[in-house]
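Residue numbers (the numbering used here), protein chains in the order written: chain A, 283 to 639; chain B, 283 to 639; chain C, 283 to 639; chain D, 283 to 639.
Hint data in this document are derived by calculation from the structure and do not stem from the laboratory. Among the hints, a few may not be true.
Because identical chains cannot be distinguished in the list, a pair is counted as satisfied if it fits within a single copy or across any two copies.
Calculated cross-link-like contacts (lysine to any residue; reagent style SDA-like; alpha-carbon spacing at most 20 Å) [what the hints assert, rightly or not]:
1. 292 to 354
2. 529 to 448
3. 519 to 529
4. 626 to 505
5. 519 to 537
6. 519 to 540
7. 529 to 571
8. 529 to 435
9. 529 to 490
10. 292 to 588
11. 519 to 576
12. 292 to 340
13. 529 to 432
14. 529 to 472
15. 519 to 578
16. 529 to 576
17. 626 to 396
18. 519 to 539
19. 626 to 503
20. 626 to 453
21. 519 to 580
22. 519 to 569
23. 292 to 333
24. 529 to 445
25. 519 to 377
26. 626 to 478
27. 519 to 574
Keep in mind it's a predicted model, so treat the numbers as computed, not measured.
4 protein chains.
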Amino acid sequence: MTSSPAVSDKPIGIAVIGAGYWGPNLVRNFQGSTAFRLRWLCDLDVERARRVLGDYSTVQVTDDLDTVLADDAVQAVAIATPAGTHLPVALAALRAGKHVLVEKPLAATYDEGRQLVEEADRRGLTLMCDHTYCYTPAVLRIRELLHAGELGELHYLDSVRINLGLVQRDIDVIWDLAPHDLSILDFVLPPGVAPVAVAAHGVDGIGAGRSCVAYLTLALNSGAIAHIHVNWLSPVKIRTAIIGGSKRTLVWDDLNPSQRLAIFDRGVDVATPDELGAEERHDMLVSYRSGDMVAPALTEREALRTMVEEYARAIRTGSPALTDGRSGLRVLQILQAASHSLTKGGVMVDLEGESER
Amino acid sequence: MTSSPAVSDKPIGIAVIGAGYWGPNLVRNFQGSTAFRLRWLCDLDVERARRVLGDYSTVQVTDDLDTVLADDAVQAVAIATPAGTHLPVALAALRAGKHVLVEKPLAATYDEGRQLVEEADRRGLTLMCDHTYCYTPAVLRIRELLHAGELGELHYLDSVRINLGLVQRDIDVIWDLAPHDLSILDFVLPPGVAPVAVAAHGVDGIGAGRSCVAYLTLALNSGAIAHIHVNWLSPVKIRTAIIGGSKRTLVWDDLNPSQRLAIFDRGVDVATPDELGAEERHDMLVSYRSGDMVAPALTEREALRTMVEEYARAIRTGSPALTDGRSGLRVLQILQAASHSLTKGGVMVDLEGESER
Amino acid sequence: MTSSPAVSDKPIGIAVIGAGYWGPNLVRNFQGSTAFRLRWLCDLDVERARRVLGDYSTVQVTDDLDTVLADDAVQAVAIATPAGTHLPVALAALRAGKHVLVEKPLAATYDEGRQLVEEADRRGLTLMCDHTYCYTPAVLRIRELLHAGELGELHYLDSVRINLGLVQRDIDVIWDLAPHDLSILDFVLPPGVAPVAVAAHGVDGIGAGRSCVAYLTLALNSGAIAHIHVNWLSPVKIRTAIIGGSKRTLVWDDLNPSQRLAIFDRGVDVATPDELGAEERHDMLVSYRSGDMVAPALTEREALRTMVEEYARAIRTGSPALTDGRSGLRVLQILQAASHSLTKGGVMVDLEGESER
Amino acid sequence: MTSSPAVSDKPIGIAVIGAGYWGPNLVRNFQGSTAFRLRWLCDLDVERARRVLGDYSTVQVTDDLDTVLADDAVQAVAIATPAGTHLPVALAALRAGKHVLVEKPLAATYDEGRQLVEEADRRGLTLMCDHTYCYTPAVLRIRELLHAGELGELHYLDSVRINLGLVQRDIDVIWDLAPHDLSILDFVLPPGVAPVAVAAHGVDGIGAGRSCVAYLTLALNSGAIAHIHVNWLSPVKIRTAIIGGSKRTLVWDDLNPSQRLAIFDRGVDVATPDELGAEERHDMLVSYRSGDMVAPALTEREALRTMVEEYARAIRTGSPALTDGRSGLRVLQILQAASHSLTKGGVMVDLEGESER
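Please construct the entire structure, taking both the sequences and the accompanying hints into account.
As structure tokens, this is what we get:
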């Protein structure tokens, strides 16, 4: 990491590239962080960039990426442009010696993502993926609980993310919404547990030319299952995940601010054969737990603020961000296999080598 | 139907076979119906049958099916025994000239179910499947709406039925819970629309030796998709279906008595190529509707009461019940294909001939 | 209690008087209890009584109370007739040496209620009021928690019971619905804490000639406040109580079966002057707790079943029922004072002697 | 209104006074409005003002009100200082010829509020009260519905606003929270309908030295009732209002973004005597409607943005704002009468002359 730019306690000079849907959120959070000093907002549409900053801002605006990358006061960039442009923009930034934060997904393809990871590695620069949901207090707590074994062994994870959403021009609902669920899955799974195959089913419905409703089923190496429902056409908004473990089950309802997490000490236990005498082995011994539910108190904190601090920490320490380029790459691998499965009528596709099972 | 037993306006003599989980509900509803006269409750465990009737009943109890079938005052039976026994019990009843109502699923296999349907046809007797949910005011209304085209063309149906349920000894969660969703699907789909293939994924989790969490994906002949999530391990109880159409989308929440149905005039429209000029064809034209939601008033009525009345109507008129043996057979066909898919790692299985795609 | 009728382990012979709205529930629960043997259902409208029992019952029907009271096999009665008839019916039963259970409210007036209590005392008979809600698992747990001091000192209790309810001919919404809340309050308050005054506001609205929406405010001797909102005109059904204590706050949502009770370790603490130094006394020290919420597991059990068992226990042991006549009397006292307050424009009325403050 | 400052289409120069809790929201919204040009943020604590603006702002900061008022580029001010300072700050601004927007409540007392209204009248300047909730899409729609008679005649309004809130040092929960409900009530009531008396009950609970839980009951001149529950000690956050009318009933749940308004065609009708024949008059004829519920689509729009536009409109046209000083005064009148009632044990206090009834 010796080749990383010298970083002191001074605020890190940052530029935001892209003033569209997500850029304004980055602008607001970098402005609000003492760890950064926002130097530029760059967008091909300068007027749009100006509108984002408003009439009272001292931040510079430009439509020229080279100008930004040539500015020595800029040590890092945050890229919120369409996924198809991530590769050239991020590569240019890395080659200019800048740390890079990229909006999800990391890149348009797994290969493009791998180029970025390799380039960052080669140069000892931070490459981070803005998997925003991972930095919500709820998901951070879920990660803690799963890593500490509080739920026991994972049995299943069921995630629903549906809404009347924007039908994207260039990507289907899997590439649009599932990166959230997949990055969360990647983030919370305990070490050693990982997806090994994925099957995807989808339907267009409205003639959009791409799936607007889709289901992903992931097989994990532990024997557990993960299932993701993403949907642009639902008039009701649901963002829920149920994570079933051998000891407890957790329900995350992201739209219920007063009770985002609920941990249930309820479940079903089956005695294993080893615990049973000869005769009992004929019968399955099932018992039911019906214990209390605990909704842990969570601090209310904007996820992006925590994400921005993690970016600063990664830059300053040279150690990988919690959602580094590699996590972005793992998400891309699953997305790509899911697309493959979709074209093959839902067959289960192995992640390694993406072979059909 | 000339061979059907003569039926007058007198109450139909009925016997309930099976005093386990479901039998008591049938007993209560046949007792409450003026169309029937409950003659017998029959169970191998006579004491259990007595307990179901209580200490104040004039209904006869027996453990001998033959006694019941030999009673000329009995014109019809209702069978609530384990699925594996449906074939012999129902066959015996039909051969004794009795009309038959069978608890879901119709039989343990498609072939067994077909034998029952053929036997009933041959004898001109009513064979009905107790698909109870179809007779809830909510599902009856959904059927009306879909048949009348009120939702437009069906895009997708997403059903979730999860709970901390009883882990069954002999069947997996698909055979236990999905018959509800599949019978509802069969019931509400407009004429001409039907499933053609199914894929199933499941996980055991607790070492029960069978799937405790499962997902079914059905391809319909119209291009639409239906998806069913059934789960015995969820600490929270959810029974919801979202039915997305081209004009409106309906949400059914069976556990919300004050708002079981919600019809949303919200959605996404895409202009079809024919409506577009040459240049517009390059761009997809997407528009969003964000209209009101209407929660129709539903009468509160016990589904079993309506089901019992439909059984009487079918017996009296000789015309098929709304959920006749054939509907039970169609459900069995999908269940069997789903089991096939499950053993093949989730591959899509055609319903006709059950061939893998 | 030596004058009480000899009671052995044999089932207690019981008669239900009144086959209207509530009677059928009593009939069903006495039939289901091994502690009782239901002998009679008595109603002025014999046909109505027959319909309640159905076509398969061995229970006797009559329209003649004297016949019931003359039956030596009847040791106890349960009265579910209109409140205006409670006095004569219950008095007759007591004078015939029968134990008496009365549907809420105990009687039409405080004086009538007192006559019943005195008569039962004189004869050593059980007089119990069917305050059904007190026997729900949720309220039993609330009582436990409050009696054990788990919530700390009680600050306030806020109860809402609203619905599109039946507009009664003879009583207003306070006399119809508030007995539930008042009996619960009486049941759960820790020893030594009791209401001392009540103010009532109401509005008719629809020209019914009596209040259809009303609010009761009760001052407790501890300085705490209790507030009750009862409403016949609400299109939404709400049955909630919030019980705020110095240590914890409990929320009871009777219509949320999956989470009827929620205990919050959240609140506001103010340092008392004694804990403060001279300078700090100028400033109030407020601190906020934001702890977890626990939703305790509750067994699902029909309240009436528990109530019926408590009736048997009280009869068998000769000790007062948890909701004995005196508790019914305390509820009547508040109802009467509330009616007084209502006619006086909402002035606070003392319960002792019912003087306006 | 000829004496009002000349107002062109140019942005109105504005200064925000007070950078505490509410000031930042005003700053953000005035910055976002093309109708205004934010010139100053003024606070006795200049550092606090700087923090509110952030490190990238061109807006001027000062701790000197006179400097702001002496600036000719400032035509209007927005005051978000503690209520006790509203009189001197707003008076100074009006005397300097500036239009004035004041955070609720208008002033610390009715008399102070009246001075402001009179001063603004005298000078032909806009005086507006920031009753923010009135500008939410939901409340604007409620006003429309009530003014158009869509609910029929108003029977009751029940408002609940409870939360674990900040215990204020100088005011009780009524003065802190009820201004929201009272300003909404004032805003939505149809012309001619108005409160005429108020009763208040409260409890301190935690030793804060002022009411932390309180209930207001308002008698309206139409015979209807309004009831408000405000509470700083509730661990659950509820913001609901039920508005019962003779034709329909509306439920507003401000915390349910997917269904903030629900209009129920459910209710109770009582035939009026005129409609009845001689014999029927003995009996009350009650009928129940059980119609659909409609949840109207509402645009999502920040209330403050609409409020800011209304301020601009009022300034530009010289016509009163929807929530002008007089509406703020009516709210103060009720608050003061409520405080009076509180000290008198909850007696109903007339609003005119504030006499006890």
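Within a copy, between copies, both or neither: where do residue 519 and residue 377 come within 20 Å Cα-Cα?
neither (41 Å within a copy, 51 Å between copies)
20 Å Cα threshold - placement of residue 576 relative to residue 529
both (14 Å within a copy, 17 Å between copies)
Reference check for the pair residue 529 and residue 571, CA-CA at most 20 Å: within, between, both, or neither?
within (10 Å within a copy, 29 Å between copies)
Is the C-alpha distance from residue 519 to residue 578 at most 20 Å within one copy, between copies, in both cases, or in neither?
between (23 Å within a copy, 16 Å between copies)
Is the C-alpha distance from residue 626 to residue 505 at most 20 Å within one copy, between copies, in both cases, or in neither?
Between. Shortest inter-copy distance 16 Å satisfies the 20 Å Cα cut-off; intra-copy 23 Å does not.
Intra- versus inter-subunit Cα pairing at 20 Å for residue 292 with residue 354
Classified as within; 14 Å inside a copy, 40 Å across copies.
Give the relationship of residue 529 and residue 472 under a CA distance limit of 20 Å: within one copy only, between copies only, both, or neither.
Within one copy, since 15 Å is at most 20 Å while 36 Å is not.
Is it within, between, both or neither when you check residue 626 against residue 396 at 20 Å Cα-Cα?
neither (25 Å within a copy, 33 Å between copies)
Intra- versus inter-subunit Cα pairing at 20 Å for residue 626 with residue 478
So residue 626 and residue 478 pass the 20 Å test inside a copy (18 Å) and across (17 Å) alike.
What label fits residue 529 with residue 435 when the C-alpha limit is 20 Å: within, between, both, or neither?
This pair counts as within: shortest intra-copy Cα distance 7 Å, inter-copy 35 Å.
Residue 292 and residue 333: within-copy, between-copy, both or neither at 20 Å Cα
Intra 29 Å, inter 19 Å, cutoff 20 Å: inter-copy only.
Within a copy, between copies, both or neither: where do residue 519 and residue 574 come within 20 Å Cα-Cα?
between (28 Å within a copy, 15 Å between copies)
In this structure, the earlier hints numbered 17 and 25 are contradicted, and the remaining ones agree with it.
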